[in-house]
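*Asks:* Protein sequences, first through last, are from chains R and Y. Numbered continuously in this note's numbering, the first sequence closes out at residue 391. Numbered continuously in this note's numbering, the second sequence closes out at residue 1395.
Hints were generated in silico from the structure; no laboratory data involved. Fair warning: there could be bad hints in the mix.
[As the list claims (entries may be wrong)] Here are the computed lysine-lysine pairs in the DSS-like style, where the Cα-Cα straight-line distance is at most 27 Å:
| id | chain 1 | residue 1 | chain 2 | residue 2 |
| --- | --- | --- | --- | --- |
| 1 | R | Lys378 | Y | Lys1376 |
| 2 | Y | Lys1382 | R | Lys371 |
| 3 | Y | Lys1382 | R | Lys348 |
| 4 | Y | Lys1376 | R | Lys374 |
| 5 | Y | Lys1005 | R | Lys348 |
| 6 | R | Lys12 | Y | Lys1376 |
| 7 | R | Lys348 | Y | Lys1265 |
| 8 | Y | Lys1382 | R | Lys323 |
| 9 | Y | Lys1265 | R | Lys374 |
| 10 | Y | Lys1392 | Y | Lys1005 |
| 11 | R | Lys374 | Y | Lys1392 |
| 12 | Y | Lys1376 | Y | Lys1005 |
| 13 | R | Lys276 | Y | Lys1005 |
| 14 | R | Lys321 | Y | Lys1376 |
| 15 | R | Lys9 | Y | Lys1392 |
| 16 | R | Lys371 | Y | Lys1392 |
| 17 | R | Lys371 | Y | Lys1265 |
| 18 | R | Lys12 | Y | Lys1018 |
| 19 | Y | Lys1005 | R | Lys31 |
| 20 | Y | Lys1208 | R | Lys12 |
| 21 | R | Lys371 | Y | Lys1005 |
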Amino acid sequence: MRIEGDCVKEFKRDLAYHFSEEMNHPFARPKWVYISLSHKCTYSCKMCGVVNILKGHELSEEIVVRALEEIASWDWDSTVVLTGGEPFLRRDIFDIIGCAVSVGVRAEAVSNGSLIDEAMAERIVSSGLKNIAVSLDGALPGTHDYFRGKGAFDAALRAVRNLAAVKKRFGRGPQISVWSTIMKENIPELSRMPALAVSAGAECFVMHPVIVAQDDMQNTSGSAPFWPGEKEIGILHEQIKLINAPGGGCGITAFLHDPSLWEDYFSGRLTRRQWKCNPFVFINIGPDGEIRSCGESFGNIKDAGITAALFTREASEAREKMKRCRKPCLQTCWAHPDADTISGLTEKMIASSRNIPGRAVLLRECLAELKEYKTILKGKPAYARGDKCSD
Amino acid sequence: MFRLKEIIFSLTSRCNLKCIMCDIPASRSGELPTGVLFAALEDAAALGASTAVFSGGEPLLRTDIFDLAEFSRDLGMSPCLTSNGCLIDEETAGRIADSGVGVVNISLEGDRQVHERLRGPGTYEKALRALRLLRARGVETTIASTVSRYNYSSLEHIVELAGETGATTLKFQPFSRIFVSPGRNCSEFLLGEVEAGIAMETLRGIHKLCGERGISVNPLPYLERIPAYLSRGIGGSAASCRALFSSCPVDASGKVFPCWVLSGKDMLIGDISLTPLREIWGNFRHRDIISRINSRSCGGCLMSCYDANFSRSVTAPAAGFSGKAVSSVRGAALRKLKKKIMFYAAYRGSLRRLLRRLLPSPPRRASAERSTPGIKIAEIEKAEEMIGKELKRSK
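Based on the provided sequences and hints, a complete structural model is requested.
*Replies:* What follows is the structure in structure tokens.
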């Protein structure tokens, strides 16, 4: 059910993202904050470079807690995704989750499932996490184990089963998701994965295409490993059809974007018109504390915190670089295409606010918001009026 | 783009009749629980729908039909019922009137002989009784007729009946394959060339007669297409079909399709028993299917939902581009019009492509350097204007 004024809140947010991108100034706060808690992992997967690149780094609990408090202070409905390495290798992981819950930040976690036995599942389910994602990269044990090591497939499925069983017993708990990376080797199995996930007890199944090297996000050349060739792209097309067919997604498959974009992405035809990334939507904090939206780091949470880093000149330069990037990569830092024009946003708001009582007040609120941006635009220098969103 | 105007539920595949031109009861698909339908109605109202159509099978076989009608009325939509009329006795007519149903469509195929041959003995009197009872209780009634080889010559009789029973509207629709099971030979319903000629004369006559008597009927260009559709299979095109963007058919088991004709497996947009309607309507699969229909064009149909948009989308451009209109305009305006006609001819297959050519394209904006504060301010002012208009309207 839509809450009164929700659409106005959404409109204000979309406007903030729009103008942030337009003026390269952080009016908006990130929607997604990925915190890579540790470089340590139980596996050394073939397609992941974290273990090697960030060797020896781990964020201390104190720093993570400070970051979570800062994120809570934004009042921006941001989601914190705890990743790693393997986040459940940390002894203090449940303290961190507990802190996020207590300061009111929506927390999610990504795991390979290797450590989630029954006892761990109980702790996860009762921790207050909103979503727990287990990675599964194939519908057959051989495929998944090829990427991740022997026994990984069984471990991942066991983790999902444990979580589902405990959640059923407790009657509440996080959404149990299965995340899958689309790679050359597992493309023929994609359409079988939703059924597998459902049978294990998952409630959501998400696929995203592989980025080749974590340290160089733009290296998506066709010769890279895991990158599908022409033949595999053809198979992918068929697999998407199967998943889109009635019952093919088993009712749990969620798409972050139109899956037909995957074919263009893998064949190198994806353009910025189809895919628009907004550097303000997503930030990633590495185990070394470095903050980046995509590519280059522009600050460290150990220094002055996330908000301060967003306002630095380095951040502005990194965002400029992202804007010039001509290789869209279909990752989370996506701004929805109707956020492209102000009139598009306004139309959406007007349409969704219809039938809401007291609409005139809400519309006036939107007018005031637009007016504020107009004053900022008219003022000189153009965007030196300071942080509009800071409390 | 996707403004929901009308949601159409096929509430059940059960029916109390066994009409020879309809195999829907044989499909025996399941039925949705009332709660799911309530939720879908709520979503439809939130999406802006103004009409909720309950059809079937025979919707009056469902016990919760009056609850559904009342619920949609309370949501501000106008409920509309499609029935064969056989179950409407005095009590039911009263309940229909009380539950706020705006319009009831009663199917009537022609004179007694034709109607009972198509729908079974005793059905003619019952349908007429339903029309009279409803009219007596102030419910607006529409007579819906399926034009086929069986009744093309006795359609004029329906105009008489409309006058007699007080029905305000006549709706003609050609027989369509979508009501019969796939693979069935339909030639008994289709017209030959000579019969098509007669049907054309009859339908033109009906249009004139209705005009004289103040009964509303489908627009003439639509009626004129029916014989060609039944004899040669030439239907309307997807390019002029607004129903794709504005009406949402939901079948008895809850599946949502872009339209009744395109209800194949690969056209499934979603299932309201699994996903809320608000997440189905306008989702990427919906957009994808519509763009597929637009690029490859559908087989064409003359369904009544198509007719509802007919006068605006098909006759309007034709009238605007008639020879007379062109010759009366000179100079630059003439050239402009001619250009438009050329575009129209070239892009008739795809409304979207046509629009893209006709409308000025938005300024390209690839990087920050291209957009200056001036452009942005203009954009903001445009948005302010939009909100201002909306404010005025809501006052």
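*Asks:* Next, verify each hint and record whether it holds.
*Replies:* Structure-based check of each hint:
| no. | hint | in the structure |
| --- | --- | --- |
| 1 | Lys378(R) - Lys1376(Y) | holds, 10 Å |
| 2 | Lys1382(Y) - Lys371(R) | holds, 12 Å |
| 3 | Lys1382(Y) - Lys348(R) | holds, 14 Å |
| 4 | Lys1376(Y) - Lys374(R) | holds, 8 Å |
| 5 | Lys1005(Y) - Lys348(R) | holds, 17 Å |
| 6 | Lys12(R) - Lys1376(Y) | holds, 16 Å |
| 7 | Lys348(R) - Lys1265(Y) | violated, 31 Å |
| 8 | Lys1382(Y) - Lys323(R) | holds, 26 Å |
| 9 | Lys1265(Y) - Lys374(R) | violated, 49 Å |
| 10 | Lys1392(Y) - Lys1005(Y) | holds, 22 Å |
| 11 | Lys374(R) - Lys1392(Y) | holds, 22 Å |
| 12 | Lys1376(Y) - Lys1005(Y) | violated, 33 Å |
| 13 | Lys276(R) - Lys1005(Y) | violated, 31 Å |
| 14 | Lys321(R) - Lys1376(Y) | holds, 22 Å |
| 15 | Lys9(R) - Lys1392(Y) | holds, 22 Å |
| 16 | Lys371(R) - Lys1392(Y) | holds, 18 Å |
| 17 | Lys371(R) - Lys1265(Y) | violated, 49 Å |
| 18 | Lys12(R) - Lys1018(Y) | violated, 56 Å |
| 19 | Lys1005(Y) - Lys31(R) | violated, 34 Å |
| 20 | Lys1208(Y) - Lys12(R) | violated, 55 Å |
| 21 | Lys371(R) - Lys1005(Y) | violated, 33 Å |
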